[in-house]
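**Q** Listed below, chain by chain, are the residues.
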Amino acid sequence: MNAATRATAGTAPTVPYEELLTRYEPVVGLEVHVELSTATKMFCGCATGFGAEPNTQTCPVCLGMPGALPVVNATAVESAVRIGLALNCRIAEWCRFARKNYFYPDMPKNFQTSQYDEPIAFDGWVDVEVPANEAGGEAFTFRVEIERAHMEEDTGKSTHVGGTTGRIHGADYSVVDYNRAGIPLIEIVTRPITGAGERAPEVARAYVSTLRDLMRALDVSDVRMEQGSMRCDANVSLMPTGSTTLGMRTETKNVNSLRSVERAVRYEMTRHAAVLDAGQAILQETRHWHEDTGITTSGRPKSDADDYRYFPEPDLVPVAPSREDVERLRATLPENPAERRRRLQDAWGFTDLEMRDVVNAGAVEVIEETVAAGASPAAARKWWTGVLARRANTDGVAVTELGVTPAHVAELDGLVTSGRLNDSMARQVLDGVVAGEGAPAQVADARGLELVQDDGALQAAVDKVVAANPDVAEKIRGGKVQAVGALIGQVMKQMRGQADAAKARELILTTLGVEG
Amino acid sequence: MSETTPTDAGRDLTRMTAVQMADAMAAGETTSEELVQAHLDRIERLNPALNAFLLVDADGALATAREVDAARAAGEDLPRLAGVPVAVKDIACTQGLTTTAGSRMLEHFVPPYDATIVTRLREARMPILGKTNMDEFAMGSSTEHSAFGPTRNPWDLERIPGGSGGGSSAAVAGFLAPLAIGSDTGGSIRQPAAVTGTVGVKPTYGGVSRYGVIALASSLDQIGPCARTVADAALLHEVLGGHDPMDSTSIDAPVPPVVESVAGASAEDGSLAGLKVGVVKEIGGEGFQPGVQQRFDEALEELRALGAEIVEVSCPHFTHAMAAYYLILPSEASSNLARYDAMRYGRRTTPEDSPSAEQVMAASRDDAFGDEVKRRIILGTYALSSGYYDAYYGQAQKVRTLIARDLEAAFGQADVLVSPTAPTTAFRIGDKLDDPMAMYLNDIATIPANLAGIPGMSIPSGLAPEDGLPVGIQLLAPAMEDQRLYAVGAALEARLARAQGGPVVDRLPEVPTTAPEVPGARHTPGTAGTHTEEVRA
Ligand SMILES: [Zn+2]
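Residue numbers (this note's numbering), protein chains in the order written: chain U, 1 to 516; chain F, 1 to 537.
If you're looking for bench data, these hints aren't it; they were derived computationally from the structure. Keep in mind that the hints are not guaranteed to be accurate.
[To be verified] In the BS3-like style, the derived pairs of lysine-lysine whose C-alpha atoms are separated by at most 30 angstroms in a straight line are:
#: 1; chain 1: U; residue 1: K382; chain 2: U; residue 2: K253
#: 2; chain 1: F; residue 1: K398; chain 2: U; residue 2: K100
#: 3; chain 1: F; residue 1: K374; chain 2: U; residue 2: K100
#: 4; chain 1: U; residue 1: K480; chain 2: U; residue 2: K493
Quick caveat: nothing in here was measured; it's all calculated off a predicted structure.
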């Protein structure tokens, strides 16, 4: 690190957010890398699964062995075209890969095969919905312009062992896992986002969130920010209010959650303002975002000396998607996620808050399928965003990866509405399904979970509880129907939970001669 | 081991052509094991002087030979060249066999995979004798830039065998192998063929897979056959050629009918009637050795006798070919060679005082790369730099387009083009080592074919009167028309042999078993204060 970068490292001075907005207009640019979920890598046949033993998913091509040559993954190109189309981009009729030359141990060839001045998709836009905020700001829609979406390959992953920072400086040694080297990436770059004012950090977050939804709907990526299959670099600069000249920007890396996108942009705005207020110049550099402390620190200074010596990749032939192929792919595009959400929310009768929970749980599709399989929207939402979402969160998997299918949930809902199971029994059955014990009815049978259907036993319990609580019974007869809850609880206790609470309620009221 | 390898019939097996070897095995007159052993014996006797082979895989070659012999005995249907030994330039990866590319960097590199062309040799059941010497990473025209010492020309041990594929051409010319693989980026198959009196072919770009062949300049490199006759070259070309899904630039079309074209060739008057042969005005004349020009002019006369019409064509942009080539090649090479950083494989030099990865890379590259490699990496890095790209790499690509257009126009007037392959016969080892420009000028006639991606062939046109050394004539054809080279080459070869009283290779003098000391032979020194080790994958 040189002296200039050290001066801005650590806890830099900042200006209060509301104050800076009186003098500066923020400009944000976002570069989002999306790892495609193709079965094989960008330029070789190696598998792409996450979490394999280090360096087991490699071959001469992705290890940069002498003589090895790349071959473009056609599925990755299709995904890139579909992403481009979904972002309202123009699709290149002819484009090439280039070599980005620089030396780094996690890059086997010491050049990255990437698109440079001929991206496969360019000149697009996407509308993002920015929700209302706590400060009273209203929800609004903002159009983000897309400069380009291009294909490239990922690098290997370096781990620096020893030292204190986990960074390469001061490490005793480093190890590199090349399983990630060559995984297909799509880099999506926005045009500078201006005019969002104080809502700029929220627009940034909403944009990344929209991209995530879009990638999910396209089924082209896992888009797990925490696993790095979607990564965001945020460029931030400030212009004095009224100016049209872009200020010097910094590029903040390692912004790996939606919340962080918003926080990092906000933090950089406050830091820039302090530097500019002090009459100093913003240093063009990359900065690292620290989730725990909520600040950025100086990384590598950028300069004109960064020269990647791009030139067209001579080992690959140009990519030239035919117009017929583009139209064929356009026909495979899913409904726009925002429009689709609005349509489903109306159909299901969910509140905005409920719908946001569903979206955040990644459960739109499964709820749709569960409803199609016969469950009520409310029940489908209750199970998927409740117990199943919590379980998925604990296990660190997607809600769709629990082994529970929409058909299971619909079946479970059927068992509840038919009166065979009550809520707590249904939860136990669901545990069994997650544990792989079979479909809900099977699990219920195997675990002996079934509500007592014998009205005689239930009536006996009701009679006993009514007799034991004359005061409460009198209140209910007197019109305080809500007091019935206390009696239901006792009846359920008598029945050891093996009873339908609604049925118990009905019987209590009938016994007391009150209309439910 | 015996001095020579006579068979029962009293023949020296190594003097046969590949076609003769294949026929003799098919007729039961010899076996692959006998053939391989005869070549191994000659390699053992002459390689210490020639340094054509960097590695001899006697066990592997004999094992393949015995398998072929057993299969033949069992009545199996075998490929045409099954059992015919072959040498492979040390630029093609051979699984389990050290592959150095002539560089200290890869001195002990054992590839984990076979190049596609090596797979095809194995599928053709050809015993691989070993790996041949070359200029480091194929950068050179003399094999003097090999980190493992120069290869000597069998015609005169004090002279170079051409480059970069001098090892392959010397092996073929010296009867150490009937066939060899070469790679041609700017003439590395054709120029060595010319100065050793052998046949060398650079196929159409994309005609032979480059997968597993260590890249020099990706858009120029092409793999091809080295042989003593056009017919032998055609058979090997057919083995090597054809589409490879592992190489994106490989042409998805059948191999041109090269063997068929040779079969139809004849030395009789009028056999090439109707053929138009273009002489490129811009290649030849000044800077070309008189004996080279003389043999070329005589070859034109033979072509006329065969019925061809000789026309003069002009390719005005050829004058810029050298400049464009020496921008495009170093640019691509600087990037292709970046992977040799001693991180995953190769020779690692670790400076003292706990260096960073970057410092280890720099020290290793500084230590293991030779001067010519460094020179071209620096040139290429400069040419690709921002601010210079348009003026250098960009302009060079424009020249490349203009050269391709020149050739297109020329092929509108002529079916094939001809020129001397190299300006001179083999020069003395050390003569041009300190003058890169003089060295580069060796490839002036061969470079345009690489820039345009068209096929080219060099066949012997005789010996230069002034020094008695072989001279080559180059034939060029339009892309994907490789068979034209073979049709014309085979006819001319037969005609010249008739006129000169036999093929050039048969006039090779006895090769001495020891080589004289020559000035200028170099080796890469280690760097003091460092520690080197091999990185194993
Ligand atoms: Zn791979």
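**Q** If a hint holds in the structure, say so; if it doesn't, say that too.
**A** Against the structure, the hints come out as follows:
1. U:K382 x U:K253: Given pair K382 of chain U, K253 of chain U is violated - Cα atoms ~37 angstroms apart, limit 30 angstroms.
2. F:K398 x U:K100: With Cα atoms ~22 angstroms apart, K398 of chain F and K100 of chain U stay inside 30 angstroms; holds.
3. F:K374 x U:K100: With Cα atoms ~20 angstroms apart, K374 of chain F and K100 of chain U stay inside 30 angstroms; holds.
4. U:K480 x U:K493: Roughly 22 angstroms separates the two Cα atoms, so the pair holds.
Taken one by one, the earlier hints fail for this structure only at number 1.
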